[in-house]
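Visitor: Protein chains in written order, with the UniProt record's numbering: chain A, 1 to 350; chain B, 1 to 350.
Heads up, a few of these hints could be off.
[As the list claims (entries may be wrong)] A short, non-exhaustive set of chain B residues, derived as facing chain A with CB atoms under 8 angstroms:
(1) Leu47
(2) Thr54
(3) Arg55
(4) Leu162
(5) Gly266
[Claimed, not checked] Covered by chain B, per the in silico footprint, the following chain A stretches (three or more residues, Cβ under 8 angstroms):
(6) 13-20
(7) 317-331
In short, the hints are calculated from the structure, not lab data. Remember, predicted model here, so these are calculated numbers, not experimental data. For each residue, glycine too, the CB sits at the ideal point set by N, CA and C.
2 protein chains.
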Amino acid sequence: MDYERFLSSEARRFTHASLAGLVHRFSGVEGVISLAGGLPPPEAFPLSCLAATTRDGLQLSLGEEGQQAYLAQQYNFNPQGYGPLLEWLRDLSVQQHGIAVPGKEPSAASLPGPPPGPQRDVVLASGAIHAIFAAISCLTDPGDTLVVDEYTYTHALECVFLPRGLRLLPVRGDEQGMDPEHLEEQLRAAEEAAEAGSSGGDVGPVRRPRLLYCIPTGHNPTGAVMGEQRKRDILRALYAARADSAHRAASEHLSGLAEWRPVRAGMFMWLQLTGVPDVSAILDDLVAAKVVVVPGSMFATTGLPVGGPHLRLSFAGATPEVLAEGLRRLAEATRAVVARREGAEGAQCG
Amino acid sequence: MDYERFLSSEARRFTHASLAGLVHRFSGVEGVISLAGGLPPPEAFPLSCLAATTRDGLQLSLGEEGQQAYLAQQYNFNPQGYGPLLEWLRDLSVQQHGIAVPGKEPSAASLPGPPPGPQRDVVLASGAIHAIFAAISCLTDPGDTLVVDEYTYTHALECVFLPRGLRLLPVRGDEQGMDPEHLEEQLRAAEEAAEAGSSGGDVGPVRRPRLLYCIPTGHNPTGAVMGEQRKRDILRALYAARADSAHRAASEHLSGLAEWRPVRAGMFMWLQLTGVPDVSAILDDLVAAKVVVVPGSMFATTGLPVGGPHLRLSFAGATPEVLAEGLRRLAEATRAVVARREGAEGAQCG
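Construct the complete structure from the given sequences, taking the supplied hints into account.
Guide: So this is what it looks like as structure tokens:
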């Protein structure tokens, strides 16, 4: 999946840290003399030993052996955080959550978790607000709409969402948190306000919701805990809003060219072109029109090739604007194919 | 001085942390039962003792006495940072820099420093980039122009200035850092580009410089150290650009109504109204026109009241836009006073 398109303008402007990258290129090179980074020498740090006693009596200490005390005080050049702590957290993530991170595979006995992704990893933050701030900064632009619980974590609200200039779309909740029916209502209302170009307040025109923030376990302040079914219902509500907008866009662009049923669940619309007997035969036209859909024949269990007028289009990954443009192109290509077929038939008859 | 007007849109949207404020209202109240904050109990924290040995052999330890180990692990409710560390840093600031912070007065023997201000205080940050990020976020909006050294701290550049979407105005330097003459040139060029409404790239139209970032001592990467005279020269260059723009604005609005010499230094222009013999006599007109300047008579050493056609206007605190609007109002009020005087004289004559 292309995650790039979810990034905020700010996140897109981030570059790879060039100095950290340079230092990394030489890391592990035997006998290298580094005159690159601004690392103070060991004798510049005040502590020679750091020690702690745990509540159950375990003694921990970082001393001069392996330069542990020095390294704990030295600058860290990895923007993700201190290497040994990251390594420890990757192990913890595999053990406790069954979530694989780079170089760490969950064991067969671990808990079920999302599939490993090449970009999944641990990043250190200076506390909850720093982590929420970083995520919100990377995923929203000022003026964007954020779906939130009607009551939510006060510090995230006051220190992150409001200063960022986000428009909040609040959803009522119960003992399981966010109510999927009210979510669907609010999404529809926001969609209509965005389509109508509503101005609404000091953060600019209303935009379609960009992100949802919720606290699924041990909600602050309500204590709600979201069950697995509730999570599925919320995802369904999010898709329902998108399916709804896909249906409206198809009505605008494909009326007279295709037939379909409104989508009730999932990420796909299944359409039947009325003037094209075999969608797989017009793929070149779709390439020329720069729009990709999947011919229905690719899902057929009746043996290939079957042809047929069906196609599947996915509305899960496209913004409403992109979806509308895709449907416009599909309509244009379909009209051209139909006109060509009619011309050919006319020529045959004549 | 009103610092509010230097704040970014983001900083203006910050509110006082309401939960922290609530907790603060009850702090020190004897016997209060707090059911407010989300503070985990002491037994939730893993360490019972934290200890360190300094390089010169001093033993430090935070144990169960005074709940020191617990408090060091507990959440901190003060957005400025951990109270005892703040207190220690305020003392350090007075001792090392002679800079007073709330409740701490510099001793007579301390180094000279800027005068104490009611809003001057210490705030903790998680390192240099966090501190620079916070300051830049509070003082610039995306698209703003930032004056910088031609070569500057790479992490500030890559992690803060560029992701924030700032337009950089680079100034050449020498062994004392920023060159005041090139600074003046660059400020003039930026002023002209902003006046011409230049579009210039992906961060929107060119805006007048909003902030200057430099590293006065031990510059990274050049090692430059700025002497006191260089600092003064840089301040003078900044005022020169402003004085220049004040002179241009006065030429536009006050030609024929007043006389003045171009300003060479300082924060003020000294003007002489050609049709008004006593500026102090038209203060009501200025109040009605909503513009404040200071009658020259207030600076007269020849004994009061003296009247006279002089006035002082300050261009140090006003943006070029505000200054232009102020001069427009001053011109309008002056024209009205002159017309009234001429009418009265006409009536006397006729």
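Visitor: When the hints from earlier in the document are held up against this structure, which numbers fail?
Guide: 5 and 7
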